[in-house]
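Visitor: Residues per chain are reported as follows:
2 protein chains.
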Amino acid sequence: MAKKLVVQKYGGTSVENIEKIMIVAKKIISYKKKGYDVVAVVSALGDTTDELLGLASRISKVPSERELDMLISTGEQVSMALLAMAVHKLGKEAISFTGAQVGIITDTSHTKARIIAINARRIHEELKKGKIVIVAGFQGVTLAQDITTLGRGGSDTTAVALAKALKADVCEIYTDVDGVYTANPRIVKNARKLDRISYEEMLEMASLGAQVLQARSVELAGKFNIPLHVRGSFSEKQGTFITKEVNAMEDVLVSGVTLNKNEAKVTICDVPDKPGIAGRIFSQIAKNNINIDMIIQNVSRTGSTDVSFTVIASDLERALKTIRKVVKNVKAGGLTFDRGIAKVSVVGIGMRSHSGVAARMFKALAKKKINIEMISTSEIKISCVVRKKRGEEAVRALHKAFALGRK
Amino acid sequence: MAKKLVVQKYGGTSVENIEKIMIVAKKIISYKKKGYDVVAVVSALGDTTDELLGLASRISKVPSERELDMLISTGEQVSMALLAMAVHKLGKEAISFTGAQVGIITDTSHTKARIIAINARRIHEELKKGKIVIVAGFQGVTLAQDITTLGRGGSDTTAVALAKALKADVCEIYTDVDGVYTANPRIVKNARKLDRISYEEMLEMASLGAQVLQARSVELAGKFNIPLHVRGSFSEKQGTFITKEVNAMEDVLVSGVTLNKNEAKVTICDVPDKPGIAGRIFSQIAKNNINIDMIIQNVSRTGSTDVSFTVIASDLERALKTIRKVVKNVKAGGLTFDRGIAKVSVVGIGMRSHSGVAARMFKALAKKKINIEMISTSEIKISCVVRKKRGEEAVRALHKAFALGRK
Numbered sequence: 001m002a003k004k005l006v007v008q009k010y011g012g013t014s015v016e017n018i019e020k021i022m023i024v025a026k027k028i029i030s031y032k033k034k035g036y037d038v039v040a041v042v043s044a045l046g047d048t049t050d051e052l053l054g055l056a057s058r059i060s061k062v063p064s065e066r067e068l069d070m071l072i073s074t075g076e077q078v079s080m081a082l083l084a085m086a087v088h089k090l091g092k093e094a095i096s097f098t099g100a101q102v103g104i105i106t107d108t109s110h111t112k113a114r115i116i117a118i119n120a121r122r123i124h125e126e127l128k129k130g131k132i133v134i135v136a137g138f139q140g141v142t143l144a145q146d147i148t149t150l151g152r153g154g155s156d157t158t159a160v161a162l163a164k165a166l167k168a169d170v171c172e173i174y175t176d177v178d179g180v181y182t183a184n185p186r187i188v189k190n191a192r193k194l195d196r197i198s199y200e201e202m203l204e205m206a207s208l209g210a211q212v213l214q215a216r217s218v219e220l221a222g223k224f225n226i227p228l229h230v231r232g233s234f235s236e237k238q239g240t241f242i243t244k245e246v247n248a249m250e251d252v253l254v255s256g257v258t259l260n261k262n263e264a265k266v267t268i269c270d271v272p273d274k275p276g277i278a279g280r281i282f283s284q285i286a287k288n289n290i291n292i293d294m295i296i297q298n299v300s301r302t303g304s305t306d307v308s309f310t311v312i313a314s315d316l317e318r319a320l321k322t323i324r325k326v327v328k329n330v331k332a333g334g335l336t337f338d339r340g341i342a343k344v345s346v347v348g349i350g351m352r353s354h355s356g357v358a359a360r361m362f363k364a365l366a367k368k369k370i371n372i373e374m375i376s377t378s379e380i381k382i383s384c385v386v387r388k389k390r391g392e393e394a395v396r397a398l399h400k401a402f403a404l405g406r407k
Numbered sequence: 001m002a003k004k005l006v007v008q009k010y011g012g013t014s015v016e017n018i019e020k021i022m023i024v025a026k027k028i029i030s031y032k033k034k035g036y037d038v039v040a041v042v043s044a045l046g047d048t049t050d051e052l053l054g055l056a057s058r059i060s061k062v063p064s065e066r067e068l069d070m071l072i073s074t075g076e077q078v079s080m081a082l083l084a085m086a087v088h089k090l091g092k093e094a095i096s097f098t099g100a101q102v103g104i105i106t107d108t109s110h111t112k113a114r115i116i117a118i119n120a121r122r123i124h125e126e127l128k129k130g131k132i133v134i135v136a137g138f139q140g141v142t143l144a145q146d147i148t149t150l151g152r153g154g155s156d157t158t159a160v161a162l163a164k165a166l167k168a169d170v171c172e173i174y175t176d177v178d179g180v181y182t183a184n185p186r187i188v189k190n191a192r193k194l195d196r197i198s199y200e201e202m203l204e205m206a207s208l209g210a211q212v213l214q215a216r217s218v219e220l221a222g223k224f225n226i227p228l229h230v231r232g233s234f235s236e237k238q239g240t241f242i243t244k245e246v247n248a249m250e251d252v253l254v255s256g257v258t259l260n261k262n263e264a265k266v267t268i269c270d271v272p273d274k275p276g277i278a279g280r281i282f283s284q285i286a287k288n289n290i291n292i293d294m295i296i297q298n299v300s301r302t303g304s305t306d307v308s309f310t311v312i313a314s315d316l317e318r319a320l321k322t323i324r325k326v327v328k329n330v331k332a333g334g335l336t337f338d339r340g341i342a343k344v345s346v347v348g349i350g351m352r353s354h355s356g357v358a359a360r361m362f363k364a365l366a367k368k369k370i371n372i373e374m375i376s377t378s379e380i381k382i383s384c385v386v387r388k389k390r391g392e393e394a395v396r397a398l399h400k401a402f403a404l405g406r407k
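Protein chains in written order, with this note's numbering: chain L, 1 to 407; chain D, 1 to 407.
Mixed in with the good hints, there may be bad ones.
Since the list gives no way to pick one copy over another, a pair counts as held whenever it fits inside one copy or between any two copies.
Claimed, not checked - Derived BS3-like pairs (lysine-lysine); straight-line CA-CA distance at most 30 Å:
{"id": "1", "residue 1": "LYS237", "residue 2": "LYS321"}
{"id": "2", "residue 1": "LYS89", "residue 2": "LYS287"}
{"id": "3", "residue 1": "LYS3", "residue 2": "LYS34"}
{"id": "4", "residue 1": "LYS61", "residue 2": "LYS26"}
{"id": "5", "residue 1": "LYS321", "residue 2": "LYS363"}
{"id": "6", "residue 1": "LYS223", "residue 2": "LYS164"}
{"id": "7", "residue 1": "LYS89", "residue 2": "LYS34"}
{"id": "8", "residue 1": "LYS167", "residue 2": "LYS321"}
{"id": "9", "residue 1": "LYS112", "residue 2": "LYS128"}
These aren't lab readings, by the way, just hints derived from the structure by calculation.
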């Protein structure tokens, strides 16, 4: 019988110092002893990536993205080498690989590359020799041998892609919380750990602000039906399984409440009310690689309308540059922006077959006199933009309204 | 006419912070503006390599050398990316490469690998596009794609090997001193900068303790007759040219005086005085990869002798382990060791054709009542072991005796 293979991903907080690296090494070895082949994917130590970005920003506000990837990919190379040494120290054989060495081939979109292929030959060879294989998360290499990175949280995607390429039996994501919660426990005291959640719900939650997993990794896991187990690095408890939808999940109306405080609202005022004008606005914005989230177009009474939308707060400066040009092009009246917003969302597969979720959400917010500024919905989520300072209060109100807390 | 090509190497102190990186970027660009193609080789920022080694040593006293190379090779990757960003910031195009990307192929001796080939195709391509090429010093890659490093000072060797592979017109070594001096200016106040020195002399001086260049890089430059120019990173002055011997050099008796305080003396006592026994001792030591420097065998009067030799101080612990076994094997009486020594040397091609250098050296030391414990000579150098605490005084005495100071 073939050996069972586990891919484990350890985030930056799990390897932030030598003591924690030794604990992770022990955990890896415990799986080896249980008879598993183990491939560990590691992030950079603690805040290393931010520190490196800080160095770059002292040189240039818009550093070359190729060189940025060259720079920040060193973070994982440090942690994987240290982790391999820690495993050796504890008496087992390990070997570490960069994304390039292990054949994680990506496209050429530096700082947000997508994996297009993995050549797992070298990993299989080393596993066959009985070694624990440690792989740098977050990074890959183009066909021209340029180093790329996969964007924030990209190590999750590395782990899932490796699990797929290696046909792993399990993909475990170790993090500083012990699973996926109904809401951020720092905001909601009685938030409950979920035993199980569907890919779709997790994808919405990740996109909406739950920082436990990179959204793309969930997408990839769902596409190839790779079960994920999100759990705590320093705990033995079972965490949250992320799997395909099972019938029982539909009985739950709402699985979780999320809060995203990292968006800003932009309003283009007095847009001439002509057919096709919204298309012109948003295609020009998209051409400049600015991601738009929610969009609202106010009803026109005077022959012109206001168009509002949200962007990621850190993109705002760049977005405004583009949008100022757009305002001129479409002969709009002007623009305003607002950093003081937060997006609160409820997510649940149950919404598909149950009505009344939106009504219950709006009522809960109204009861707390929290004003709703924008609304957007999908099949399994409803998001409302509220004032940023009321965001956490809104989460607590919704968590209670949908009875998500521990009994 | 083909463009002139310069390879420039910048050491760790030349790129120890963002301000200095910007200065180096300006210097590189000034060459580009003069019409040169430029390939810059960089070391890790300041003390990065030592900091990384410190992390490893907290995990294991004997970390895997493969993983150690994986770890410390990140240092140059950081500095080269930052330097490329700095060049961009100043308006010129630059691209950085790791040793692996640029095809610096080495043998598999991790932490002290030797370059066996360089595939310069990618560099030529980028130079043709008008880009400044920045290459990580100190590192290479094996044919199996494992990352290697070239040993302390290995960036010098990277620069020389690249100069050879690219058929560069000049190879400049930028450092924190502005050239090669007759003695360490920190020890001898009136030490004089040399305008020119031969490969052979520089090789001896580097091996004997002058830290300005890695000995192997000088060997390589001499072998392929690549002129080196050692000069200050933050100065415009001409430094020291290291070239093949020219006739005028022979008129100079002694070019420099060096001091090495990083050796220790080991004595094996009461070695049975039998033919071949010294051979047995030193072959067993060599087998354990311990480099021996000077050797003295005392004349036997009682049927047994004492054998003394020096080793690099940092190798002493490891050497003693081996030597204890050797003592048993050859049935010697015992062993002693002594960290309190220093080696002072005079170097000069002129010695070949002039006699009396040794006599003048011994006389100068005797005049200061500095006791000579061991002596070794080569065609162009004489070394004496003295007490460590008298080492600097010895250097000053010899510098004066051979009239090396500024007039």
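Visitor: Now tell me, hint by hint, if it's right for this structure.
Guide: Evaluated hints:
{"no.": "1", "hint": "LYS237 <-> LYS321", "in the structure": "neither (49 Å within a copy, 46 Å between copies)"}
{"no.": "2", "hint": "LYS89 <-> LYS287", "in the structure": "between (52 Å within a copy, 25 Å between copies)"}
{"no.": "3", "hint": "LYS3 <-> LYS34", "in the structure": "within (11 Å within a copy, 63 Å between copies)"}
{"no.": "4", "hint": "LYS61 <-> LYS26", "in the structure": "between (41 Å within a copy, 18 Å between copies)"}
{"no.": "5", "hint": "LYS321 <-> LYS363", "in the structure": "neither (38 Å within a copy, 78 Å between copies)"}
{"no.": "6", "hint": "LYS223 <-> LYS164", "in the structure": "within (10 Å within a copy, 51 Å between copies)"}
{"no.": "7", "hint": "LYS89 <-> LYS34", "in the structure": "within (19 Å within a copy, 53 Å between copies)"}
{"no.": "8", "hint": "LYS167 <-> LYS321", "in the structure": "neither (46 Å within a copy, 47 Å between copies)"}
{"no.": "9", "hint": "LYS112 <-> LYS128", "in the structure": "between (33 Å within a copy, 29 Å between copies)"}
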